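Novice: Each chain, written out:
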Amino acid sequence: IAGITQAPTSQILAAGRRMTLRCTQDMRHNAMYWYRQDLGLGLRLIHYSNTAGTTGKGEVPDGYSVSRANTDDFPLTLASAVPSQTSVYFCASSDIEGSGGSNEQYFGPGTRLTVT
Amino acid sequence: KQEVTQIPAALSVPEGENLVLNCSFTDSAIYNLQWFRQDPGKGLTSLLLIQSSQREQTSGRLNASLDKSSGRSTLYIAASQPGDSATYLCAVPYSGAGSYQLTFGKGTKLSVIP
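Residue numbers (the working numbering), protein chains in the order written: chain L, 1 to 116; chain Z, 1 to 114.
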């Protein structure tokens, strides 16, 4: 059982470059999320998707975009990376209430991104 | 806006001791609360999920309680072991109906000394 996979594991990126972080889940969960984790600030929500075809903004969405073309994949794109986007990025998924789920969230292993 | 606080930020205990980690939240209109564990350089592992209709949930040596009216949850770890050393995070849904996204506390870093 893979659960949630993220790629790449880590990346060093020059400022101004475009980057897509990949996230795939095999649990058929309807909801997916992207968080960033920074020392002293904890985990903060970037974007989310309650079901395929819909997305929403979280606490810190600026500079990021997402798409949800199908149930399994939820890529996060940095259109033009800046040093303040240096962080560890976590993807998560859950089966939300209303579809019989408990909304227990499961996390991927993370992507460590450094923007220079 | 939902805010989650975890106290203490760090805790060091000798092996075998029972301990309690605390979590408080500002908006009591939640439908569940989740406790996670995070090892250094790793992702989050879900430990326990308590639904709003429950008062507590148990898994092995872990017991989590929820008091919505006071905006508090505790995670009790019995007979602590060095392998329990990690950061423990609690999280609750954002405020508002249909809100499934989580707000996290900043965690309690636990060290269990052999």
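Any given hint could turn out to be false.
[As the list claims (entries may be wrong)] Pairs of lysine to aspartate or glutamate residues, derived as EDC-like cross-links and limited to a Cα-Cα distance of at most 20 Å, are as follows:
no.	chain 1	residue 1	chain 2	residue 2
1	L	K57	L	D38
2	Z	K106	L	D26
3	Z	K109	L	D73
4	Z	K109	Z	D27
5	Z	K106	L	D38
6	L	K57	L	D73
7	Z	K106	L	E59
8	Z	K68	L	E59
[Claimed, not checked] Example chain Z residues on the side facing chain L (calculated, C-beta under 8 Å, incomplete):
no.	residue
9	R37
10	G43
11	L49
12	S52
13	Y100
14	Q101
15	F104
16	K106
17	G107
18	S111
19	V112
20	I113
Just so you know, these hints were derived from the structure itself, not from any lab. All values reported here derive from a predicted model rather than from experimental measurement. Every residue, glycine too, gets a C-beta built ideally from N, C-alpha and C.
Novice: All the hints need checking, so say for each whether the structure fits it.
Specialist: Going down the list of hints, with the structure as the test:
1. Our distance criterion of 20 Å between C-alpha atoms is met by L:K57 and L:D38, whose separation comes to about 19 Å.
2. Distance restraint check for Z:K106 and L:D26: the Cα-Cα separation of roughly 29 Å exceeds the 20 Å cut-off, and the hinted pair is therefore not satisfied.
3. This hinted pair does not check out: Z:K109 and L:D73 have alpha carbons roughly 32 Å apart, beyond 20 Å.
4. Restraint check for Z:K109 and Z:D27: the C-alpha separation of about 24 Å exceeds 20 Å, so the hint is violated.
5. Our distance criterion of 20 Å between C-alpha atoms is met by Z:K106 and L:D38, whose separation comes to about 10 Å.
6. A threshold of 20 Å between alpha carbons decides the hint, and for L:K57 with L:D73 the separation of about 17 Å falls inside it, so the pair holds.
7. Only pairs whose Cα atoms come within 20 Å are accepted, and Z:K106 paired with L:E59 is accepted, the gap being roughly 15 Å.
8. Restraint check for Z:K68 and L:E59: the C-alpha separation of about 24 Å exceeds 20 Å, so the hint is violated.
9. Residue-level restraint check for Z:R37 is violated (minimum Cβ-Cβ distance to chain L is 11 Å; threshold 8 Å).
10. Interface hint at Z:G43: satisfied, since its Cβ lies 4 Å from the closest Cβ of chain L, which is below the 8 Å cut-off.
11. Annotation: interface hint on Z:L49 holds; nearest CB of chain L at approximately 4 Å, less than 8 Å.
12. For Z:S52, the suggested interface contact is broken, since its CB lies about 11 Å from the closest CB of chain L, more than 8 Å.
13. At a threshold of 8 Å, the smallest CB-CB gap from Z:Y100 to chain L is about 5 Å, leaving the interface hint in force.
14. A distance limit of 8 Å between C-beta atoms decides the matter here; for Z:Q101 the minimum to chain L is near 5 Å, and the interface restraint holds.
15. The criterion of a C-beta within 8 Å of any C-beta in chain L is met by Z:F104, whose closest approach is roughly 4 Å, and the hint holds.
16. Interface restraint check: Z:K106 against chain L, minimum CB-CB distance 4 Å, threshold 8 Å, status holds.
17. Annotation: Z:G107 was flagged as interfacial toward chain L, and the flag holds, the nearest CB pair being 7 Å apart, inside 8 Å.
18. Using the Cβ-Cβ criterion of 8 Å, the hint placing Z:S111 at the interface with chain L is not satisfied: the shortest such distance is roughly 18 Å.
19. Annotation: Z:V112 was flagged as interfacial toward chain L, and the flag is violated, the nearest CB pair being 22 Å apart, outside 8 Å.
20. Here the hint on Z:I113 is broken, as its CB sits about 24 Å from the closest CB of chain L, past 8 Å.
Checked against the numbered hints above, the structure violates hints 2, 3, 4, 8, 9, 12, 18, 19 and 20; every other hint is satisfied.
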